[in-house]
Amino acid sequence: MSNFLELRNITKRFPGVVANDAVSLEVKAGEVLALLGENGAGKSTLISILYGLYRPEEGQILLEGKPVQIASPRHALQLGIGLVPQHPLLVSRHTVAENLALGSSGLFPAGRIAPKIEQLAAQYGLTVDPKAKISQLSPGEKQRVEILRSLLGGARVLILDEPTSVLTPQEAESLFAVMRNLREAGKSLIFISHKLEEVLSITDRIVVLRRGKVVGGLATKDATKQKLAELMVGRNVDFSRKRQPVQIGAPILEVSNLSAKNSRGLEALKNVSFTLAQGQVLGVAGVAGNGQSELIEVLAGLHPPSSGQVKFEGTDLEPNPAKRFEAGIAHIPEDRIHMGTVPTMTVAENLSLRQYSQAPLSNNGIRDLIALETNAKEKILEYTIATPSSQTPSRLLSGGNIQKVILARELGANAKLILAVHPTYGLDIGATDQVHSVLLERTKSGAAVLLVSEDLEELLSLSDQIAILYHGQLKGPFPVTEITREQIGLYMTGGAV
Amino acid sequence: MRFIADPNPSRYKTAWVSLSAILLAAVLTGFVFAAYGSNPLEVYRTMITGTIFDSRGLADVARRTIPLLLIGVGLTLAFRAQFFNIGAEGQILLGAVFAAIVPLFFPLGVFSIPIMLIMGALGGGLWALLAAWLRQRFSVNEILSTLMLNYGALYLVIYLINGPWKGKNVRGFIYTDEFPPFAEMPLIGGTLVHYPTLILGIIAALGLQWLLVKSTLGFELRVVGENAGAARYVGISSGKIVTIMALITGGLAGLAGAAEVSAIHHRLLEPSQISLGYGFTAIIVAWLARGNPALVLVTAPFMGITLAGGDLLKIVLNMPFRIVDVFSGVMLLCLIASEIFIKNRIKWGR
Ligand SMILES: Nc1ncnc2c1ncn2[C@@H]1O[C@H](COP(=O)(O)OP(=O)(O)OP(=O)(O)O)[C@@H](O)[C@H]1O
Ligand SMILES: [Mg+2]
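Residue numbers (this note's numbering), protein chains in the order written: chain H, 2 to 498; chain Z, 19 to 368.
If you are wondering where the hints come from, they were derived from the structure by calculation, not from laboratory data. Owing to the predicted nature of the structure, the values given are computational and were not obtained by experimental measurement. A virtual CB, placed ideally from N, CA and C, is assigned to each residue, including glycine. Hints should not be assumed to be uniformly reliable.
Said to hold, decoys possible - List time: in silico DSS-like cross-link candidates among lysine-lysine, alpha-carbon distance up to 25 Å: (1) Lys-365(Z) / Lys-31(Z); (2) Lys-258(Z) / Lys-232(Z); (3) Lys-214(H) / Lys-228(H); (4) Lys-417(H) / Lys-324(H); (5) Lys-312(H) / Lys-324(H); (6) Lys-196(H) / Lys-312(H); (7) Lys-232(Z) / Lys-378(H); (8) Lys-324(H) / Lys-258(Z); (9) Lys-67(H) / Lys-365(Z); (10) Lys-312(H) / Lys-228(H); (11) Lys-214(H) / Lys-196(H); (12) Lys-232(Z) / Lys-324(H).
Stated by the list, open to error - Here are some of the chain H residues that sit facing chain Z, going by a computed Cβ distance under 10 Å: (13) Gln-137; (14) Pro-322; (15) Arg-325; (16) His-339; (17) Met-340; (18) Asn-351.
Full structure from sequences and hints, please.
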């Protein structure tokens, strides 16, 4: 196989960090290359260079042996390099066809592009309705539109930056099917993921980055999870079940017959009842959109229930997120960018988002900027948040470090109930490990955790009890020792009664 | 040529791009002046020497700076919370109406002036509050509602001075009777500069800057403005913030309106004479201040010079009445267009 694309000694610096340090790698025609590395290792930066978003300070890019300067995303696509961004950049009000017509270089109208879409869709299994509005599509479908956009533009190498982190397991499977079809057709793919199982199942070759440098490359058939983890983190990583028996205390959260409507007024939670005791971890499994968001929002005080009762430490709480946090309910939200942080604000300010109005961060309505800084320094150290300074806007941090900012803020000393939604999504194995340890650490001191995740591995390794949400109804909770993976899967799809 | 996103432009860059935009606006407006048969350089020379190098001109600049300062400070803060009040024009008028109630119906002697200012702030604040309420209750965009409310205010004033409040001793003129002397705000001798309001404006600029940076309320309004989802998540009520923003921004505009009638006109009169377009010009003032209320201390006098210079053109060069609006309009367009140069870096070649 020939090298379709080759990078030679690419170096890219940002103030305070070398994001890519003399990176060399090649992509062969018709192969799937995995790019692995911890949060902040420089994967997205490297991709941005290939896609013409950044210019490297040093190094060369060769396309089919010829040096090229990639000037812009449009130029990249002309050269045959397409990117499927992690967060789709589509115009929601428009239809699929209109969006694709907008993206293509020639000015062809939405009507004439439809047959082309259908042909590509059939060829690669990219089923999507050209007349559907983007706003009605699921994350997986939006991703397919992004893939179509690249293919219409003539992409021969397709870059996928953490494509599965927004997908359900089923959607991820169909993405892999599409990827296999593309590889069959001779396209090259670059695949970024933190999920080692996926990398092992779908890729042909793996390149590992650490702190901006390539620290290893190997064929996937020679790789194991252990080996990859060691390459990425530089130390041994423990994948075994982490949950140790803890002292279960008094009930802290009692939910009975809770129902709630979603934002469109439809019943999203139906008669949900469960009890959670101090020290316990209850894992909630389920395909996204089966009532998980509503359950968490009701408990966090963000959404009013339509009926039913929630008792925290035996009392009713006001439906006010600030009061609930004060009472000891911490919330690690699903959406870090639109909810968990204010991306334009500094790391220090984001760390103060919960307690900005209380001493020592402020007195009588006046903020103490020195206390703000002290608080930030402490938390940055405690949670090893990688940031150039406490005054950096949080949006410049890598995904994993943004999550650490949220954890550091939410898991203060008084957290008694932790509502954690996909707490490790987008995190590397080291950071995932750290989040898990922090959560389990808290349970030892009596905190209860309600963990919502689509990652069965994670649920099984952390929870004492597992419950499944399906169409707003809660099955369980079952002790984790008494339920199998298969049973959970059946409940998730409504197969079991 | 291509653009590369620059998410964190430096202050220095923001400043010079904005200055270039203003310069470009001056050049473009120069063509308009030339079309009128005037030499643009001559026009600008007149505008500058007649304002900042002339004591009467300077007083005129100060007179116009006062309302721009008050209103601009309020708009700057409200923009930070993403409350886009563009109805200051109407709030000025409501302020003038509320203030006029005092001298016309409840002469309060020496306390009149402070009470008039408070009434003015109340009138403007309530008018803006209406827009805030429409936004909270019916999700009506405040850009639309404040603009519509401008017309409401306009017709209210016209109705009052033609009907119930029309002066008894004014014969054919349409305005109210003159206020009694105790309702007249003191001026700097021989000018129309009502220094008490000027001092209030400076206090407002510094006070709101402090509020933004140091107070918890300032932090809350930034969270609401920069990420409404996060505000909801931590329980900051955006309804509360929007209400406070409406009261502050509308209140300051109302205060400016009250001061204009108390210090300069001494009666309620034609809307176009009360305001002279301050409400719209203050949007440019706020835009230039880029979210820093204290910077309005610089940007308000700058637009004050523009307005006063525009007046000179009418008198000295016989130009049409609204010529300066052309300049302001072109300037706003250039500033909006310059945004792309602030948020991006330019690279030449591919
Ligand atoms: N625009 C930027 N300005 C300053 N620093 C940046 C910028 N973009 C990235 N960085 C820094 O460069 C380093 C590499 O970031 P990059 O986003 O490439 O990591 P990554 O491997 O994609 O991480 P993740 O797995 O968390 O997505 C990080 O330290 C990050 O903070
Ligand atoms: Mg990344």
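How the hints compare with the structure:
no. : hint                    : result
1   : Lys-365(Z) / Lys-31(Z)  : 15 Å, holds
2   : Lys-258(Z) / Lys-232(Z) : 19 Å, holds
3   : Lys-214(H) / Lys-228(H) : 17 Å, holds
4   : Lys-417(H) / Lys-324(H) : 14 Å, holds
5   : Lys-312(H) / Lys-324(H) : 14 Å, holds
6   : Lys-196(H) / Lys-312(H) : 37 Å, violated
7   : Lys-232(Z) / Lys-378(H) : 20 Å, holds
8   : Lys-324(H) / Lys-258(Z) : 17 Å, holds
9   : Lys-67(H) / Lys-365(Z)  : 23 Å, holds
10  : Lys-312(H) / Lys-228(H) : 47 Å, violated
11  : Lys-214(H) / Lys-196(H) : 20 Å, holds
12  : Lys-232(Z) / Lys-324(H) : 23 Å, holds
13  : Gln-137                 : 21 Å, violated
14  : Pro-322                 : 4 Å, holds
15  : Arg-325                 : 8 Å, holds
16  : His-339                 : 4 Å, holds
17  : Met-340                 : 5 Å, holds
18  : Asn-351                 : 9 Å, holds
Hint check: violations occur at hints 6, 10 and 13; the rest are consistent with the structure.
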